[in-house]
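For the sequence shown, this note's numbering assigns the number 15 to the initial residue and increments by one for each residue that follows.
Possibly wrong hints are sitting among the right ones.
To be verified - Quick list of simulated restraints, FRET-style, between CB atoms: (1) Gly135 to Tyr175: 31 to 37 Å; (2) Thr137 to Asn189: 28 to 34 Å; (3) Pro131 to Arg161: 18 to 24 Å; (4) Asn140 to Lys232: 27 to 33 Å; (5) Asp177 to Arg133: 18 to 24 Å; (6) Asn190 to Gly113: 29 to 35 Å; (7) Lys210 to Pro173: 26 to 32 Å; (8) Ala115 to Asn189: 30 to 36 Å; (9) Asn201 to Val226: 17 to 23 Å; (10) Ser208 to Ala169: 19 to 25 Å; (11) Asn140 to Pro173: 17 to 23 Å; (12) Asn126 to Ser163: 21 to 27 Å; (13) Tyr175 to Pro131: 15 to 21 Å; (14) Pro139 to Thr160: 18 to 24 Å.
Derived by calculation from the structure, the hints in this document are not laboratory data.
Don't be surprised by glycine CBs; every beta carbon is placed ideally from N, CA and C.
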Amino acid sequence: MKDLKKIFVLSSCVLLVSVCFTVAASAQGRDRIVRSTGSQPTNMPSAQPKPQPASRPTLTNDVRVVRQDQAWEPLVTNTASSRAVNAPRGLAAGRTVYGMATSERLERAIKNRYGLPYRYGSTGPNSYDCSGFVWSSFQEAGIFFTRSSARSLWAQSEPVYGDDRFKFGTLVFFNNLGHMGIVADENGFYQASSSKGITYSPFAGYWASRIVGYRRLKPESGAMPEDNQ
15 MKDLKKIFVL SSCVLLVSVC FTVAASAQGR DRIVRSTGSQ PTNMPSAQPK
65 PQPASRPTLT NDVRVVRQDQ AWEPLVTNTA SSRAVNAPRG LAAGRTVYGM
115 ATSERLERAI KNRYGLPYRY GSTGPNSYDC SGFVWSSFQE AGIFFTRSSA
165 RSLWAQSEPV YGDDRFKFGT LVFFNNLGHM GIVADENGFY QASSSKGITY
215 SPFAGYWASR IVGYRRLKPE SGAMPEDNQ
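Based on the sequences and whatever the hints tell you, model everything.
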């Protein structure tokens, strides 16, 4: 009987110890779970704020679209194959040596040659010297004379004075009769320049002190066109 009591007491103690151990182990497990879920490792990056889309600035002024109905014009004028930008308007003013029809043909002939290169002794069609340019342009306008040098044309023509010197179609001579051109108006003339080819040049500056005189073809030479006779 005593043995049974001892066994019972011992069993009760063992059971009590087991229960206490189980309770303690369960408490430790809950503490670990709480720590693992409630704390964050120090090496984990902190949460970054979510970027917000950039807001577009509000326009404070009204946007207006301007329509341009006028024809577009270039800022730079191409003069390689046309009349110079500062070329005269002599025909519009009626200041010409010859009749209007002849003057228009002469102007067109000059324009067709504008920008072509200079070549000594050449009368065209792709290059000209000074007298060759004059002769070829007059030929196309219907004014015929023998092709010759500037000095020879000086001798074949008659002098003009006053305002007649600056009428379109007058011949102007330079450099001791070594060069010539066709007067455009009181501001300048057309010539075959050794550096620029067929071009318009102003009298002012370089050419002013080199002018020998102004001439035009004699009517009796047979060179005058029909609308001048």
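Hint by hint, here is what the structure shows:
1. Gly135 to Tyr175: 31 to 37 Å: holds, 32 Å
2. Thr137 to Asn189: 28 to 34 Å: violated, 20 Å
3. Pro131 to Arg161: 18 to 24 Å: Since the Cβ atoms of Pro131 and Arg161 sit about 19 Å apart, the hinted range of 18 to 24 Å holds.
4. Asn140 to Lys232: 27 to 33 Å: Check passed, 31 Å falls within 27 to 33 Å.
5. Asp177 to Arg133: 18 to 24 Å: violated, 34 Å
6. Asn190 to Gly113: 29 to 35 Å: holds, 33 Å
7. Lys210 to Pro173: 26 to 32 Å: holds, 28 Å
8. Ala115 to Asn189: 30 to 36 Å: Hint holds: Cβ distance 33 Å, inside 30 to 36 Å.
9. Asn201 to Val226: 17 to 23 Å: holds, 19 Å
10. Ser208 to Ala169: 19 to 25 Å: Between Ser208 and Ala169, where Cβ atoms are some 24 Å apart, the hint holds.
11. Asn140 to Pro173: 17 to 23 Å: Given range 17 to 23 Å: violated, Cβ gap about 34 Å.
12. Asn126 to Ser163: 21 to 27 Å: Because 23 Å falls inside the window, the suggested range holds.
13. Tyr175 to Pro131: 15 to 21 Å: Violated, since Tyr175 and Pro131 (Cβ atoms, about 34 Å apart) do not stay within the stated range.
14. Pro139 to Thr160: 18 to 24 Å: The hint (18 to 24 Å, Cβ to Cβ) holds, given that Pro139 and Thr160 are roughly 19 Å apart.
Checked against the numbered hints given earlier, this structure breaks hints 2, 5, 11 and 13; the rest are met.
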